[in-house]
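2 protein chains.
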Amino acid sequence: MPEKLPSRSEDFSEWYNQLVLRAELADYAPVRGCMVVRPYGWALWENIQQALDRRFKETGHVNAAFPLFIPMSFLEKEKEHVEGFSPELAVVTHGGGEPLSEPLVVRPTSETIIGYMYAKWIQSYRDLPVLINQWGNVVRWELRTRLFLRTLEFYWQEGHTAHATEQEAIEETLRMLDVYADFAINDAAVPVIKGKKTESEKFAGAVMSTTIEAMMQDTRALQSGTSHFLGQNFARAFEIRFLDQNNQLQYVWTTSWGLSTRFIGAIIMTHGDDQGLVLPPKLAPIQVVIVPIYKNDAERSAVLETAQRLFHELQAAGLRVKLDGREEMTPGNKFYEWELRGVPVRLEIGPKDVQSGSVTLARRDRPGREGKSTVSQQGLPETIRALMNDIHRSLLERATAFREAHIFDPKDYAEFQEVVQRGWAFSWWCGRKECEAKIKEDTKATSRCIPFEQPGGSGRCIVCGEKADQKVYFARAY
Amino acid sequence: MPEKLPSRSEDFSEWYNQLVLRAELADYAPVRGCMVVRPYGWALWENIQQALDRRFKETGHVNAAFPLFIPMSFLEKEKEHVEGFSPELAVVTHGGGEPLSEPLVVRPTSETIIGYMYAKWIQSYRDLPVLINQWGNVVRWELRTRLFLRTLEFYWQEGHTAHATEQEAIEETLRMLDVYADFAINDAAVPVIKGKKTESEKFAGAVMSTTIEAMMQDTRALQSGTSHFLGQNFARAFEIRFLDQNNQLQYVWTTSWGLSTRFIGAIIMTHGDDQGLVLPPKLAPIQVVIVPIYKNDAERSAVLETAQRLFHELQAAGLRVKLDGREEMTPGNKFYEWELRGVPVRLEIGPKDVQSGSVTLARRDRPGREGKSTVSQQGLPETIRALMNDIHRSLLERATAFREAHIFDPKDYAEFQEVVQRGWAFSWWCGRKECEAKIKEDTKATSRCIPFEQPGGSGRCIVCGEKADQKVYFARAY
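Top to bottom, those sequences are chains Y and L.
Residue numbers for the first sequence follow the numbering used here, so the first one is 1 and each next one is one higher.
Residue numbers for the second sequence follow the numbering used here, so the first one is 1001 and each next one is one higher.
These aren't lab readings, by the way, just hints derived from the structure by calculation.
Hints are supplied without guarantee of correctness; some may be wrong.
According to the in silico footprint, chain Y covers these stretches of chain L (three or more CB under 8 angstroms from chain Y) [claimed, not checked]:
1) 1031-1044
2) 1062-1075
20 angstroms max Cα-Cα, derived EDC-like pairs, lysine to aspartate or glutamate [as the list claims (entries may be wrong)]:
3) Y/Lys57 - Y/Asp218
4) Y/Lys120 - L/Asp1127
5) Y/Lys334 - L/Asp1127
Beta carbons: idealized from backbone N, C-alpha and C, even for Gly.
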């Protein structure tokens, strides 16, 4: 059997790195900071894509594709945007063997080039709203990279919408944050907190950034999706205007929102255990793995026959199922491998099961005997669906309980500094950048969000003691 | 009503360019040679993707994602490959504000970087075959570009497989060409001819390139998908080796195959008419558009009620249907717009239809009265499915008949030079590069393929008169 993973408590970071490689989710590319998403990881991403894309289409959005290359001058049109992104750009200077007259940036995000096209396409209020999403790759020249969490090139979707009124654009911003939260909670079993970013943490060029924040098992926060209200900043930079119903020329109001392959990191670090991945059933590339167990040829043929019949039955019921018929491998080694790869349900079938019309189900989220049950082959798809629903519920409950147990309300700044080393602090903040910066300097914790759900009333800033009317989550973050 | 399209006979090229823009399939990007694929074009591409991806998965392939950037030195490892691609490269020389020690190429195709990873992943015969596909974007620095047909950046899939034996790799190459042909014929109604490329036309680095070639309505050929047998060229360049069952270290045999957004150009130029696009029903983003017709408020409410009921009924039956309820637009203008955009079936419903329980169906492939029929609202989904099947059949028949009428068997080189100006020549060829080059120089026609289907026997080379044992299609091409 291969070497064990390091345990999470021993070295969380190394547990993560090895798990990503050994579960064959991703691999290091020969270009610094880039990753190869391997078939198992990409299948997970495809399920994430489908879960989101369905929601985008239900809320009236359509997909399109905009160019990878952006003229450098475009980025410079929005002052905060270029300041935010210029340290992270990859630049194409040569094409077809010739130096280019204007360097091209490999898109780090597409507000600018999409803004340019919207200015061409939008003339009248009848053209609004424009609700477009793009699935694609972007590049940000990061110095410290980690598979999925921070890579030079990553995969994401970026929605870009244009609206006639400020209110409509703000509603869209919040609607898409709700879509992300709904996906995270109901498909990925990742509990998230919705809120606003502070001024210093917002997207370069946004008026307001909103975020969903999740707590990983090392208590660090992971920003899992963001939705930005861009006001008229990009509309002014790119002259995106429309004639309103009174024939007046107006700037549009825009939004943008994105969720990336980083979310795979959130899934790994929310649910994984010392045996490996624990994938949420709705997104798992393989939901059920069937492992046949036999000792001799006679048993083999009877067991395999039943295994194949159940395989087809589960597949026909729409479950993503795999029959692991490898001859050269023991059942024990198969168990080990599929546990490492996080398959939610393992179905074991042996000669006794064939005779009695039963199978054994083992749920990945509860290792060992406790997670095993013997059930009838009759109505197996329904039994497994119910089990998967229960697994989803358990994962979500466990992660939520973990988060709640690691959110603190420190009584003073001394305690604050201590708790953010082992959890999140939920503290009053006066709103001044200085206090936020002091926290970061003293503790490495940053403001994660000003949650929409507030206790009400007012308090004293955890740093300076001045009056504060909002509570903020502070945490060390990925 | 907007200005008419130029007719195909008047100016085929301008008909194409204007149609792509006016049907809102794509638009020119602000970067030379790049395109924006607009939502309607991207929805068509998504349907193409699904139709292919289903076939890839049925033939045992999985998807993954490899990096956009390739170290320049990788391309240089395969001599023919770098010679073929180096004039077309976009090169990143700066990242994060610093010059790079080794320039990075934006992938023009991914044999090299995938080869590098396969060398890491493949150790034993048990790891073979590796059957991976990637959906993504690539960049080739083309000088003369046209939307969909030839753009700097384009979207495609590239399959890359590795096998233990030569025979298996050749079988894979041909299997995937069959998958492309099956898709083209049965989903896109684009008849294609399967064959081998000549030495001068093959992929840079391949041992054998195979292709599907389609005839456009201006009789030019369009290479619509290619599948390459790469022998051990990339295996040697990247040291992709495995221990075989006798414990001997062997190089793998690889293939690659791709189909791109160029195929959208094939659909447009195979089926389009002077009114606009004619989309094949299986791939059309909107298969049925419902246009309600009424003169006053009383009629309006009755008509809309029935229209909505039918809309939901068709949608529930799995059809991609749109109800065009725009108030500010006449039915005539709606007809014009949906004809331009190539929707296969238009459903008209007026007050009389409401009373009599009927609707009028208009098929896009037969404009005017001839294509209209009045049918019962009862069983409408089945009626429309049958109609769509008939449309598919008609499109395929029409395109096949057009192609057959424009393939010539010229008796001598003088006639050859004439016929390739108005069709394809199917002629004996001795196999010498000199004769192929002379044809290109004299006529601009190139060898399109050596079809697998050969008449047998032998003949005289159409150029030099020497003995020839194969017939080849020659044509001007996109």
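When the hints from earlier in the document are held up against this structure, which numbers fail?
Violated hints: 3 and 4; rest satisfied.
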